[in-house]
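Student: Protein sequences, first through last, are from chains A and B.
So the first sequence is numbered by my numbering: it starts at 1 and just counts up by one.
So the second sequence is numbered by my numbering: it starts at 1 and just counts up by one.
Just so you know, these hints were derived from the structure itself, not from any lab.
Treat the numbers as computed from the prediction; the structure is a model and nothing was measured.
Wrong hints could be hidden among the right ones.
Stated by the list, open to error - Quick list of the computed label-pair ranges, beta carbon to beta carbon:
hint, chain 1, residue 1, chain 2, residue 2, range
1, B, PRO275, A, ILE21, 17 to 25 Å
2, B, LEU40, A, ALA47, 50 to 58 Å
3, A, HIS39, B, THR299, 17 to 25 Å
4, B, LYS198, A, LYS50, 50 to 58 Å
5, B, PRO269, A, GLU126, 52 to 60 Å
6, A, GLU41, B, VAL184, 30 to 38 Å
Stated by the list, open to error - Below, simulated DSBU-like cross-link-like pairs (lysine-lysine); rule was C-alpha separation at most 35 Å, straight line:
hint, chain 1, residue 1, chain 2, residue 2
7, B, LYS360, A, LYS44
8, B, LYS249, B, LYS289
9, A, LYS84, A, LYS62
10, A, LYS50, B, LYS233
11, A, LYS103, B, LYS360
12, B, LYS198, A, LYS44
13, A, LYS62, B, LYS249
14, A, LYS50, B, LYS198
15, B, LYS289, B, LYS360
By construction, the Cβ of each residue, glycine as well, lies at the ideal position given by its N, Cα and C atoms.
Single-letter residue listing:
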Amino acid sequence: MDLNTLHYAKSHEWAHVEGDICTVGITQHAVDLLTDIIHLELPKVGAAVKAETRFGEVESVKSVNELIAPLSGTVIEVNDKAAKDTSLVNSDPYGAGWLIKIKLAPDAAKSHLMDLKKYEDYCAHEGH
Amino acid sequence: MAYILNTADDQKAMLAKIGIHSLEELWESIPAELRLNRALNIPTAMSEIELTQHFSKLANRNRAAGEAVCFLGGGAYDHFIPSVVDAISGRSEFYTAYTPYQAEASQGTLQAVFEFQTLMAELSGMDVSNASMYEGGSSLAEAVLMAMSIAERRGEILIAESVHPEYLATLKTYLANLHCDVRVLPTPGGFLDPELLKKEINSNCIAVAIQSPNFFGHLEEVEAIAEIARQNKVISIQSFDPISLGILKRPGDYGVDIAVAEGQSLGTPLGYGGPYLGILTCRQEYVRKIPGRLVGQTTDRNGNRCWVLTLQTREQHIRRDKATSNICTNQGLYALRAAVYLSALGPKGLKETAELCLRKAHYAASQLTGISGVEMKFNRPFFKEFTVKVPGDVKSLLSTLQDDGYFAGLQTGRWYPELSDCLTVAVTEKRTRAEIDGLAGLLKSTLSANPSGKKQKA
Numbered sequence: 001m002d003l004n005t006l007h008y009a010k011s012h013e014w015a016h017v018e019g020d021i022c023t024v025g026i027t028q029h030a031v032d033l034l035t036d037i038i039h040l041e042l043p044k045v046g047a048a049v050k051a052e053t054r055f056g057e058v059e060s061v062k063s064v065n066e067l068i069a070p071l072s073g074t075v076i077e078v079n080d081k082a083a084k085d086t087s088l089v090n091s092d093p094y095g096a097g098w099l100i101k102i103k104l105a106p107d108a109a110k111s112h113l114m115d116l117k118k119y120e121d122y123c124a125h126e127g128h
Numbered sequence: 001m002a003y004i005l006n007t008a009d010d011q012k013a014m015l016a017k018i019g020i021h022s023l024e025e026l027w028e029s030i031p032a033e034l035r036l037n038r039a040l041n042i043p044t045a046m047s048e049i050e051l052t053q054h055f056s057k058l059a060n061r062n063r064a065a066g067e068a069v070c071f072l073g074g075g076a077y078d079h080f081i082p083s084v085v086d087a088i089s090g091r092s093e094f095y096t097a098y099t100p101y102q103a104e105a106s107q108g109t110l111q112a113v114f115e116f117q118t119l120m121a122e123l124s125g126m127d128v129s130n131a132s133m134y135e136g137g138s139s140l141a142e143a144v145l146m147a148m149s150i151a152e153r154r155g156e157i158l159i160a161e162s163v164h165p166e167y168l169a170t171l172k173t174y175l176a177n178l179h180c181d182v183r184v185l186p187t188p189g190g191f192l193d194p195e196l197l198k199k200e201i202n203s204n205c206i207a208v209a210i211q212s213p214n215f216f217g218h219l220e221e222v223e224a225i226a227e228i229a230r231q232n233k234v235i236s237i238q239s240f241d242p243i244s245l246g247i248l249k250r251p252g253d254y255g256v257d258i259a260v261a262e263g264q265s266l267g268t269p270l271g272y273g274g275p276y277l278g279i280l281t282c283r284q285e286y287v288r289k290i291p292g293r294l295v296g297q298t299t300d301r302n303g304n305r306c307w308v309l310t311l312q313t314r315e316q317h318i319r320r321d322k323a324t325s326n327i328c329t330n331q332g333l334y335a336l337r338a339a340v341y342l343s344a345l346g347p348k349g350l351k352e353t354a355e356l357c358l359r360k361a362h363y364a365a366s367q368l369t370g371i372s373g374v375e376m377k378f379n380r381p382f383f384k385e386f387t388v389k390v391p392g393d394v395k396s397l398l399s400t401l402q403d404d405g406y407f408a409g410l411q412t413g414r415w416y417p418e419l420s421d422c423l424t425v426a427v428t429e430k431r432t433r434a435e436i437d438g439l440a441g442l443l444k445s446t447l448s449a450n451p452s453g454k455k456q457k458a
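So here's chain A without its partners, still in its complex pose:
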């Protein structure tokens, strides 16, 4: 996955948009912060997700965090492999560790998301 083609949320999800289909995952930065991810709670196919609201949960050894949808739409595919084997998210968050695919709502707007450069700056300053 070319990271330059992705859109990034402040809550550390990435979105890859192709036509009206958006693939969602969490960033390497999020994986590094969470450390070992041991459980994912993902929505069911058909569920509606709304931008900037919770669509699931990621649990690591020492913390639990909400997964926030970068864009609005309907879930059309869930990465069951990653849900069963969370090491896929730990080792390949932009590839085999993707989480869900969304069919975007007609009015889905990306203006609140960042490009790679902005996201890297955001991560660099987040902890300060």
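Using the hints, position chain B against chain A.
Tutor: Relative to chain A, chain B alone:
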């Protein structure tokens, strides 16, 4: 004893510190109509000597189980506790440890909890046990919360009327604001008829909860009930008596999804209101929904066996308001006692204990029902407890027998008004033949002297 004083000068200093002059000023934000505006209605202060005497006097009004021949049950039983239980659980390493928040530094506590979990899973025939809960009632309520979480919806909980009424009350309290209804299924025959369950179960149901042996002491049709639940995609929950599993089939063998218990029987002395021990076990597929924490066994980087807290992210200190349960403090010391008790008895000892309870209870039932007017209330198999119908006023009868040194049983009508002529009698391995004969003899003479149950004054 250390006292934290709160003198007038102390109050003045504290008020000055926060920049006000009176207590009235402190309470200004509370609307006047909500204030009590009078002194609390409590007695005046006592000296330490007076206070000690006062509480001694109150305490002496109690009669402990050990001061009479005890046939009391209903969830708390007078079982024998081998001295090894006190000896090990009283060790300061265990006794002073509160909870392993510095988890990996508490290897001894973690190992003890791990042993407890292993024993509970083996005992119940289930895959997983958590690291204990408050007591039997909250365990049942938490099992229902688990079922709601597994089902991912609200709906209706079916519960047999023969479940401990106080567990039912606890469950209703837990669910009061969770938009989940509790429907009690009547048990007029002393057990939940599976045919009734078949009629009442529907797609709105989330779980069906039973207790076996139930509050009346009798066995439920656990296997049939678990099967009806499974066919209707409803979670089955059984509250069990740990001692009974020395001879009865285990909840897991019956196909039950979640099995809970009051663990007091396993090495915890009788105490008024507890503290007791909650047991909660379940099938592997529900492990992520189990409340509280688990201890897992692993190896450290040098390959040594060690123990760690696992699945603790569901708890409040990490998940905050989204915690799946209110359990953060388990009954660690009582879990340890249960582990020591079961380890000391072993499978053979537990079986012997259960057999003694069974035989003695059945002997007691035969002796009591041999008395004219006394009969079994329900025609059902029972383990160590049973309910009999007695002539006369049960309350007076129990009071009379108590005067003669016998806690003869529970007044069943206290919880079930329609059973006001019944007595529920529990017989543990501690009761001797002479004690059972003594109870039967006394009951017979009391009833024949006065069928109303009241002892005649000499």
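Student: Give me the numbers of the hints this structure contradicts, sorted from smallest to largest.
Tutor: 1, 4, 7, 11, 13, 14 and 15
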